[in-house]
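Peer 1: Chain by chain, the residues run as shown.
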Amino acid sequence: MSISDVASTEQTCPLSSLRKGDGGVVVAVDDSGDLFGDTRDSTIARRLLELGFVPGAGIEIVATMWPGDDPLAVRVGGSTFALRHHEARIVRVRRNG
Amino acid sequence: MLQNVIVALIVLVASAYVAWAVWPANSRLRVLQRFDAALGPREIDVPRGWLQRFIVRPLLRLAEVRSGCGACSANPATPAPTKARRES
Amino acid sequence: MDDVSARSRELRIALVGLPNCGKTALFNRLTGSRQKVANYPGVTVERKEGSFTGPSRRRYRVLDLPGTYSLNPTTLDEAITRDVALGRLAGEAQPELIVIVADATHLALSLRLILDVQRLGLPMIVALNMSDIARRRGFSIDRDRLAQEIGVPVVETVAVASSGAGHLIDQLERSAALAPEDLRTLPQNWVDPTAAEVAGSHTRARQILDAAGYREPLRSRLAASADALVMHPLAGMVILAGLLFLVFQAVFSWAAVPMDWIDAGVGALGTYISSTLADGLLKSLLVDGVLAGLGSVVIFLPQILVLFLFILALEDSGYLPRAAYLLDRVMGSVGLSGRAFIPLLSSFACAIPGIMATRTIPNLRDRIATIMIAPLMTCSARLPVYALLIAAFIPAQSVGWFNLQGLVLFVLYFAGIVSALVVAWVMKRITGGTSYRPLMLELPDYQWPNLRNLTYGLWERAQIFLVRVGGIILALMIVLWFLSSFPGAPADATQPPIYYSLAGMIGRALEVVFAPIGFNWQISIALVPGMAAREVAVGALGTVYAMSDTGDLAGTLGPVIAQTWSLATALSLLAWYVFAPQCLSTLAIVKRETNSWRYPLIMAGYLFALAYLAAFITYRVTLALG
Numbered sequence: 001m002s003i004s005d006v007a008s009t010e011q012t013c014p015l016s017s018l019r020k021g022d023g024g025v026v027v028a029v030d031d032s033g034d035l036f037g038d039t040r041d042s043t044i045a046r047r048l049l050e051l052g053f054v055p056g057a058g059i060e061i062v063a064t065m066w067p068g069d070d071p072l073a074v075r076v077g078g079s080t081f082a083l084r085h086h087e088a089r090i091v092r093v094r095r096n097g
Numbered sequence: 098m099l100q101n102v103i104v105a106l107i108v109l110v111a112s113a114y115v116a117w118a119v120w121p122a123n124s125r126l127r128v129l130q131r132f133d134a135a136l137g138p139r140e141i142d143v144p145r146g147w148l149q150r151f152i153v154r155p156l157l158r159l160a161e162v163r164s165g166c167g168a169c170s171a172n173p174a175t176p177a178p179t180k181a182r183r184e185s
Numbered sequence: 186m187d188d189v190s191a192r193s194r195e196l197r198i199a200l201v202g203l204p205n206c207g208k209t210a211l212f213n214r215l216t217g218s219r220q221k222v223a224n225y226p227g228v229t230v231e232r233k234e235g236s237f238t239g240p241s242r243r244r245y246r247v248l249d250l251p252g253t254y255s256l257n258p259t260t261l262d263e264a265i266t267r268d269v270a271l272g273r274l275a276g277e278a279q280p281e282l283i284v285i286v287a288d289a290t291h292l293a294l295s296l297r298l299i300l301d302v303q304r305l306g307l308p309m310i311v312a313l314n315m316s317d318i319a320r321r322r323g324f325s326i327d328r329d330r331l332a333q334e335i336g337v338p339v340v341e342t343v344a345v346a347s348s349g350a351g352h353l354i355d356q357l358e359r360s361a362a363l364a365p366e367d368l369r370t371l372p373q374n375w376v377d378p379t380a381a382e383v384a385g386s387h388t389r390a391r392q393i394l395d396a397a398g399y400r401e402p403l404r405s406r407l408a409a410s411a412d413a414l415v416m417h418p419l420a421g422m423v424i425l426a427g428l429l430f431l432v433f434q435a436v437f438s439w440a441a442v443p444m445d446w447i448d449a450g451v452g453a454l455g456t457y458i459s460s461t462l463a464d465g466l467l468k469s470l471l472v473d474g475v476l477a478g479l480g481s482v483v484i485f486l487p488q489i490l491v492l493f494l495f496i497l498a499l500e501d502s503g504y505l506p507r508a509a510y511l512l513d514r515v516m517g518s519v520g521l522s523g524r525a526f527i528p529l530l531s532s533f534a535c536a537i538p539g540i541m542a543t544r545t546i547p548n549l550r551d552r553i554a555t556i557m558i559a560p561l562m563t564c565s566a567r568l569p570v571y572a573l574l575i576a577a578f579i580p581a582q583s584v585g586w587f588n589l590q591g592l593v594l595f596v597l598y599f600a601g602i603v604s605a606l607v608v609a610w611v612m613k614r615i616t617g618g619t620s621y622r623p624l625m626l627e628l629p630d631y632q633w634p635n636l637r638n639l640t641y642g643l644w645e646r647a648q649i650f651l652v653r654v655g656g657i658i659l660a661l662m663i664v665l666w667f668l669s670s671f672p673g674a675p676a677d678a679t680q681p682p683i684y685y686s687l688a689g690m691i692g693r694a695l696e697v698v699f700a701p702i703g704f705n706w707q708i709s710i711a712l713v714p715g716m717a718a719r720e721v722a723v724g725a726l727g728t729v730y731a732m733s734d735t736g737d738l739a740g741t742l743g744p745v746i747a748q749t750w751s752l753a754t755a756l757s758l759l760a761w762y763v764f765a766p767q768c769l770s771t772l773a774i775v776k777r778e779t780n781s782w783r784y785p786l787i788m789a790g791y792l793f794a795l796a797y798l799a800a801f802i803t804y805r806v807t808l809a810l811g
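Residue numbers (this note's numbering), protein chains in the order written: chain V, 1 to 97; chain A, 98 to 185; chain Y, 186 to 811.
Worth flagging that the hints you see were computed from the coordinates, not collected in a lab. Bear in mind the structure is a predicted one, so any value in this text is a computation, not a measurement. Ideal Cβ positions, reconstructed from N, Cα and C, are used throughout, including at glycine. Keep in mind that a hint or two might mislead.
[What the hints assert, rightly or not] Not everything, but these chain Y residues come out facing chain V in the computed CB check (under 8 Å):
id: 1; residue: Gln-220
id: 2; residue: Asn-257
id: 3; residue: Thr-259
id: 4; residue: His-291
id: 5; residue: Leu-294
id: 6; residue: Val-383
id: 7; residue: His-387
id: 8; residue: Glu-401
id: 9; residue: Tyr-510
id: 10; residue: Asp-513
id: 11; residue: Leu-624
id: 12; residue: Leu-626
id: 13; residue: Glu-627
id: 14; residue: Tyr-631
id: 15; residue: Pro-634
id: 16; residue: Leu-636
Next comes chain V alone, as it looks inside the complex (with noise of 0.2 Å):
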């Protein structure tokens, strides 16, 4: 099952392009990029599903490092993690307001 044929449609951007103080919902979480070295795409996503980007829940971008907006701290089902640009990017979110 591909939880990325839910993103396509919708008017959703990569968790990556949010800035501080913005908050949004997770669409889905895209498991189908690039071999990056030894770390698959598929490993991230499934390890951020695990922390609690799944689809519906609520995200706050509590900081984000400079220059790049890299890495950022976002909170999410009560606990708040730092992901580099290259995990964020996978998280597909609808901003809010």
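Mind docking chains A and Y on chain V? Use the hints.
Peer 2: Same frame as chain V, but now just chains A and Y:
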């Protein structure tokens, strides 16, 4: 004369301890285990048995803490007398 | 079941839980000091087992499994948790009962793991840990309802309180009293859950929490403001730098008075022994060997404690992952994983736990890189050496707000960090590869450091330090004294007797190697026992100089070397110490963790080379500048 004897004893004990401490943990454990096996099954009334019971076995137990760092002052695995520990 | 059979039936339980849930504190609470640390067969993951006896006299063997977010592993130690839980690990029996330690303040994530683990079909108990903190913050849940919903007993635990595991032990006794066959509830066949099932488990967890009336307070405004400041790109870095500065200033200023007390005490003891004992071997052993040697090291206890006070407080507070977040770009630019930060930080206390902590790094090449640079992080055993030289050669004056000595100490630590980054970068260039390193680091809640924890932690450190001083350091000082006393001086001696002794001969031989970097034969002698323990170099210097004294014990080590060494030599020795791998234990651990001789040899080689080079440059430059 007595002074010299005391000093010699102290130096001997200290040297033995240093040798014990710098001996690689795994090799130390293996040598002790082989020594223990060579002494044969436990017999309390034979002098060999006392050696086994009071020296070799306790040493074996000490050597089994193989966390790798025999004397490190910052190693958290070093058993400390206090029972309360930090949350980690 | 009567008493005898209860006593004879041992139960194997395993602790499973998210990282940061206080599982290890609970493990310590249950097993006290009855723990055994080794390795899992065939892998370099630490195996922590302990035991305790319940009120029914039944014995429990507890295995503390590595923290994990799910039974689908991404790192080596998470794989161990899964394999042990499944009984798949060769040589390791499957646990008979699993205690899931859940963080009561992050129940949703813990509950998801609980649902995962339930699929194993093993008997379980859920321990709601940190329930005191949860209650204080306003979390509430109907525990009985929760137990009903998931079909597993749920107990509250407070790992940091002395009777905090009481409910858990009671429940264990109840669960264990059932015949083993009764404890199995589901048949066991394990299949990795699919992505959809993972998403589903989150939903189910939420449903359960709602049904059990779980109430979460709003995120604390204080925590949110703290994060806004601490994780701000600019303010955050300023705070980080400021914090480090504070630590090094404190190490000198807060410890000064206690150090004076210890100095006076050792001095008084020395005078007493000198005056009561007749001249002879024993007096020399006690005064020059033991007292001079140990005294030089013990005096640094206050400084080490101040350093650890900050290390422990920062660890407890939850600040460290945020610092890792701030420094992640820097780490990434030299090819290090962001996850490497915490192991490297542990290395500031001692490189060995730091090296062991690299097991949380998934990529093997990364892990090796982190292990190789861990010794460059200034470990606490270097502190006596640094402090001695700084106190002797750097004047105690102020530069603006900062005190010069603290500043120099900061520079030394900074040099260690910078060199580690440079080495990591070089390794990245040599081994090539632009593999991506995921971060995915959890930033736990802030916590006020628990005063009781801190006090116990410091007490423990002090004890361990004193045991070390009274153990290996004392033994080495005695051996060194012996080697420095025999053979005695010839009749036409011009130098103090130690010059002609065995130790003196070794020192003079080594001096050939070390002369270009400004080390005299006394330093050369001191470096040898320093391989067993870095602080021993200070003690050895104390003994060597005490025995070079033809008169009475002239004074403590600091002033003596201030008079006899040149500034160039002192700075050169400092530079040497920043890099030199003066610790056999560290090399031994690297061998164990990497399962080969290659890495420790490479490590020793490159570190000695760097040390020599740095000392050489420092010495020559200082001499040239006059």
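Peer 1: So, for every hint listed, does it hold in this structure?
Peer 2: Consistency of the hints with the structure:
1. The beta carbon of Y:Gln-220 comes no nearer than 30 Å to any beta carbon in chain V, farther than 8 Å, and the hint placing it at the interface is violated.
2. The interface hint given for Y:Asn-257 is met, as the beta carbon of that residue sits about 6 Å from the closest beta carbon of chain V, less than 8 Å.
3. Hint status for Y:Thr-259 relative to chain V: holds, with the closest Cβ pair at about 5 Å, below 8 Å.
4. Proximity of Y:His-291 to chain V holds as hinted, the smallest CB-CB distance being about 6 Å (cut-off 8 Å).
5. With a least beta-carbon distance of about 6 Å to chain V, the hint placing Y:Leu-294 at the interface is held under the 8 Å criterion.
6. For the restraint placing Y:Val-383 at the interface with chain V, the shortest Cβ-Cβ distance is roughly 5 Å, inside the 8 Å limit, so the hint holds.
7. Taking 8 Å as the C-beta cut-off, the interface hint given for Y:His-387 holds, the closest approach to chain V being about 5 Å.
8. Hint status for Y:Glu-401: holds, given a least beta-carbon distance of 6 Å to chain V, under 8 Å.
9. Hint on Y:Tyr-510 holds. Least Cβ distance to chain V is approximately 4 Å, under the 8 Å limit.
10. Annotation: Y:Asp-513 was flagged as interfacial toward chain V, and the flag holds, the nearest CB pair being 5 Å apart, inside 8 Å.
11. Satisfaction of the interface hint for Y:Leu-624 is found here, the shortest Cβ-Cβ separation to chain V being roughly 4 Å, below the 8 Å cut-off.
12. At about 5 Å, the closest approach between the beta carbon of Y:Leu-626 and any beta carbon in chain V falls short of 8 Å, and the interface hint on this residue holds.
13. Below 8 Å, beta-carbon pairs count as interface contacts, and Y:Glu-627 has one with chain V at about 5 Å; its hint therefore holds.
14. The beta carbon of Y:Tyr-631 comes no nearer than 11 Å to any beta carbon in chain V, farther than 8 Å, and the hint placing it at the interface is violated.
15. A cut of 8 Å between beta carbons decides the hint on Y:Pro-634: the least distance to chain V is about 19 Å, and the hint is violated.
16. Nearest Cβ of chain V to the Cβ of Y:Leu-636: about 26 Å, over the 8 Å cut. The hint is violated.
Hint check: violations occur at hints 1, 14, 15, 16; the rest are consistent with the structure.
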